[in-house]
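Engineer: These are the residues of each chain, in order.
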Amino acid sequence: MSIGHTLLGLLESGPRHGYDLKRAFDEKFGHDRPVHYGQIYSTMSRLLKNGLVEVDGVESGSGPERKRYAITKAGITDVGQWLAQPEKPDPYLQSTLYTKVVLALLTGRSAVELLDTQRSEHLRMMRILTDRKRQGDIADQLICDHALFHLEADLRWLELTAARLDRLAQEVSA
Amino acid sequence: MSTQDTTLTGSLLSAHELRKSFGPTPALDGASFSIRPGEVVAIMGPSGSGKSTLLHCLAGIVPPDSGTITYSGRHLTALSDAERSALRRNDFGFVFQFGQLVPELSCVENVALPLRLAGIKRKDAHRAAQKWLERLEVSDVGHKRPGEVSGGQGQRVAVARALVGSPRVVFADEPTGALDSYNGERVMQLLTDAARESQAAVVLVTHEARVAAYSDREIVVRDGQVRDAAVAV
Amino acid sequence: MSDAPGRAGIRGWARDLVLGVRFAVTGGRRGWTRTALTSFGVGLGVALLLVAAAIPHAVENREGRKGDRTVNTANSEKLSAGSFLFAQANTSFRGDMITGTVFRPTGNGRTDLPPGLAALPGPGEMAVSPALADLLASSDGALLKERLPYRVTAGIGEHGLAGPGELLYYAGSGTLTRASADGEADGFGQYAAGNPIAGVLLLIVVIAFVALLLPVAVFIGTAVRFGGDQRDRRLAALRLVGTDRAMTSRIAAGEALCGALLGLVVGAGLFVLARRFAGEVILWDVTVYPFDLVPSPMLSLLILIAVPVAAIAVSLFAMRGVSVEPLGLVRNSAPHPRKLWWRLLLPLVGFVLLLTAATATTLVGSETIQIALGATLMLVGVTALLPWLVETVVARLDGGPVAWQLAVRRLQLTSGTASRAVSGIVVAAAGAIALQMLFGSVQGDYTFTTGVDTSRAQLQMKTDTRDGSAASELVTSYQRTTGVDRAIGLTEGLIERPGPKRGEEKGHPFSRITVADCPSLRMLVKLSSCKDGDAFIVDEPAHLRTFAYVPRPGEQVKLVRTDETGKPGANAAVWRLPATAREVKSIVSPVGEMTAGVLVTPSAIDAAQLPRPMARIMVKLDPGVKDAAEHVRNTAARLDPLTSVTSLESTETDKQFASIRSGLFAGAAATMALIAASLLVSTLEQLHERKRLLSILVAFGTRRSTLSWSVLWQTAIPIALGLALAVVGGVGLGLTLLMMTGTAVADWWVFLPITGVGAALILLVTLISMPPLWRLMRPDGLRSE
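Residue numbers (full-length UniProt numbering), protein chains in the order written: chain A, 1 to 174; chain B, 1 to 233; chain C, 1 to 785.
For the record, the hints were derived by calculation from the structure and aren't laboratory data.
All of these numbers come straight from a predicted model, not from anything done at the bench.
All C-beta atoms, glycine included, are put in the ideal place defined by N, C-alpha and C.
Fair warning: there could be bad hints in the mix.
Ranges of calculated distance between the beta carbons of each label pair, as one might list FRET restraints [what the hints assert, rightly or not]: (1) B:S80 to C:L752: 39 to 47 Å; (2) C:R233 to A:L97: 45 to 53 Å; (3) B:D65 to C:L340: 54 to 62 Å; (4) C:I768 to B:D223: 36 to 44 Å; (5) C:R233 to A:D32: 50 to 58 Å; (6) B:G10 to A:V112: 23 to 31 Å; (7) A:R23 to B:D223: 24 to 32 Å; (8) B:K144 to A:V172: 53 to 61 Å; (9) B:G23 to A:S95: 38 to 46 Å; (10) A:D32 to B:G10: 30 to 38 Å; (11) B:G10 to A:R23: 40 to 48 Å; (12) A:A70 to B:K144: 53 to 61 Å.
Selected chain A positions facing chain B (in silico; Cβ < 10 Å) [to be verified]: (13) M125; (14) T130; (15) R134; (16) L148; (17) D154; (18) A163.
Chain A extracted, bound-state conformation (with noise of 0.2 Å):
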């Protein structure tokens, strides 16, 4: 995900201060992981050298620096840009579960209960993720669900290993 273009589009709002602009992104994107003061520090002052936001005004005062900034015209061009763009889909070919199940074959261990293991592991990720959803506003519900359509198709795909074990043990051992 990119911070950049994020608070680019937070500031087309309106200016912000940078203080604003940390608690808008943790409020509507920042979920478990709230992002760091100096991440924002950064990103602006590289948003700046780009002609991408202005200073709108400093609040001089006690304690930090107050910037307030403001979206440019190409500031606007290029969030415009980035959400026009599709984003390529992660084709997901890299996977350590695969690599696990392999390798528990290989070593004769059991690949079943890896497998039953992991499968009691995501469901009770699914779970938590079901319990926040049903808790949350229609924010949480959107973005839990996009986690759990994701652990979903991990599940899935975990039944259909565990239904074609035999024939995967046969040609790993081949």
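Since chain A is already given, all that's left is putting chains B and C on it; use the hints.
Structural biologist: Relative to the frame of chain A, chains B and C by itself:
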């Protein structure tokens, strides 16, 4: 609530080493199961693994070939057909995937049906049914026939019917199987919320992980056997 | 309309019809079962129609043969050398009619012969029909033999008999005289303009045909629709692979056509089979030879064409309300409430048609169509009212226990299906009730309103005697017969006013004279006192006089012959009515008649003076003696084979009417059973369709009894409504018919047995559907995944 079994193991409904064959093919091959009051347990597994048969056995619809089922201290396997019917009427609720509403009865009459079967007066039964339709956000379909409502509404009516008799166990066999994911999840949410609120246990058969995620715990049936460490509980 | 396959032309029609036929015969076990059911149902209907189509021919043949054997009296004026005397000597045995004719050749040439006979039986011989031969040979025959004191020398062939069960004999006599014979003739075969059925009988026949054939038509219609839902699903599947609406209809028509054609074959087979046993069936004393049962070619052709056409029409009509879409059935348009007005109009028009037809006594053949149409409209109208009634009543039903609610709601959704199935029962029951009412009244007319007091006498014999003294001998003979409790003898002659005719008189005024002892006279008139030697004159109000001549006491009268009424007696004796003769009032005699004329005790007249009087003997039987009546008949035959014996008991007519009523009842019951069978089929079909739902209902603890009761109500409600309608419609039609015949209702409760049958059928259908229901209520239905 009866004492011995529940206090001993904390379980409301439990099954031990169930076996059941239809013809030469075994559907259940030594399956065990246990559920506590108010608990939501998902039975998962691939198609044909025997999960529906397990549900039918647990609910006393199909008698197992061997094994024991204990509900609230009573051996289900020892009960007569009439006694099991009475148990299903009074203590259990059911939701199926489709085709469970009586097409010629209106939705509110469908919901009231279990109460009326239990001998409750029509007026009272309808009042309770209407209350449940409201809880499941389908109060406006009460007078319509099942053929005139959408799949999601119909399934909510079915859930209302399963819960109207304040059952201690709700058996749900792929309750969202015929619904899209949005409607499916909404039904699951209403079902589990309502069940939790009324302290009803839910036995949920599903092959969808996102539906199973509404449970407290899952077990997996494969080839008629339960593959889950949690069974040891 | 716009799509090309819809306008397929003849070839497309043929292709789709054939496709439909193929589906009908190859649709797997269930498809095959459906076709078999349909063709058997249609076949039963067709067989009944064929029997009906054969009846005109059979009647014609019977009547033809009866005419052929009737003595031809047309040219009695100039007889050929083969002339003979003949006399009817009919009798009855235990209620069965035995027709007999006694012959005595008078010419010296070869006599003509009645059909079925090789030679006229000689004196003391007789030829008998096979059925009579069997009866005589049976253990009961001895009693009858006494009455027919002839040697059986020959049998009567088939072409001389109306039917295989007819009891007929021809006997030869050596003693028959011109005076005792019915007449003299020289040949057989009388083709009188015929005796076309008319009056009440015609009415009965027409109504019976309508009442029994309408349900057959309804049944054929129902049979064509057996398994309709399953077929609709198959058609829906065809729509999915690309057939259009028109093609779908044609395929459905093809399926119906197949069932109907197979039904025609089955029907013809059943008819041939039934024909073989036709000789065994007795209906209203009538038996029919199998060779008489030949369906009329025109009517057969009509059946051959009408049944398949009707089958196609019905199946297409049935698809009118639904459109078969690729994904299943879509019911067009929200069902709007059925209209009442035209349904009421039908029976009203029928009522008017019947009323304007005629009064039944003057009924002639040309009015049959109007009557048939009127009765049909009334019955069809009653049937047409049923869907409206079921819909209206069911829509108002509510509440009640769960089973009731399930049934009512089901009926509310599909009241049309339910009423269709029941409509046949309504027609059959309504028709049967109307006919039973008509019979009941007509029968009552014949037996009860005559006023016969069967507690005073059960048999009356009339015989010509030489003179008045013979009558008392007869009484003694009867009195001695086994089983006779009491015999009353009357000698009846005629008296005439002596002297020339007066004024405008066409003949001499006459009256009757009855000679009997006091106890016998007391049966006829109210007597304060009576001793031998008394004479009485019956006092009648002037406007109700039976005879124009009322002699005064002390007046002289002429005694004339009974067989020359009106003609002046040549050498008539003269007798003076005693001056002491008193006026008396008539009472109803044991035979239900009022008495008129002059009554005389034996001492007041020399009975020998009466020329050829008629002896009338009334006999009271001893109810404790078996076959008492048969013994009396034997006595009568011994005294004079030509004695006319009248049974005053209602048993004979009762027996005839009872057989026709029970035949009608059996017919109606069989029709209703047939329709119950189709009801059963549709109930079972419906249960199969609801397999999964039933399993689910069981899953959440529904009792078996709840579902069983629901099936019962579901059958019972429409049938009960149907029977109620049938009672109203049947009694209505019955009353209309009674208005036509001018008779009163004899029994208001005739509808009870028929409704009883209906109720029994409800139970039967429910009972038979129980085992499948219980089997379907097993949880297997849940395992549909």
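Engineer: All hints are to be evaluated individually against the structure, with a verdict given for each.
Structural biologist: Do the hints match the structure? See the list:
1. B:S80 to C:L752: 39 to 47 Å: holds (43 Å)
2. C:R233 to A:L97: 45 to 53 Å: holds (47 Å)
3. B:D65 to C:L340: 54 to 62 Å: 60 Å Cβ-Cβ, so the 54 to 62 Å window holds.
4. C:I768 to B:D223: 36 to 44 Å: holds (43 Å)
5. C:R233 to A:D32: 50 to 58 Å: holds (54 Å)
6. B:G10 to A:V112: 23 to 31 Å: This hint holds: roughly 29 Å between Cβ atoms.
7. A:R23 to B:D223: 24 to 32 Å: For D223 of chain B against R23 of chain A, whose Cβ atoms are near 54 Å apart, the range 24 to 32 Å is violated.
8. B:K144 to A:V172: 53 to 61 Å: 57 Å Cβ-Cβ, so the 53 to 61 Å window holds.
9. B:G23 to A:S95: 38 to 46 Å: Cβ of G23 of chain B to Cβ of S95 of chain A: about 41 Å, so the range 38 to 46 Å holds.
10. A:D32 to B:G10: 30 to 38 Å: With Cβ atoms ~34 Å apart, the hint holds.
11. B:G10 to A:R23: 40 to 48 Å: At roughly 46 Å between Cβ atoms, R23 of chain A and G10 of chain B fall inside 40 to 48 Å, so the hint holds.
12. A:A70 to B:K144: 53 to 61 Å: holds (56 Å)
13. M125: holds (9 Å)
14. T130: holds (4 Å)
15. R134: holds (6 Å)
16. L148: With a closest approach of 6 Å, the L148 of chain A hint holds.
17. D154: Since chain B brings a Cβ to about 9 Å from D154 of chain A, closer than 10 Å, the hint holds.
18. A163: holds (6 Å)
Checked against the numbered hints given earlier, the structure breaks only hint 7 and satisfies all the rest.
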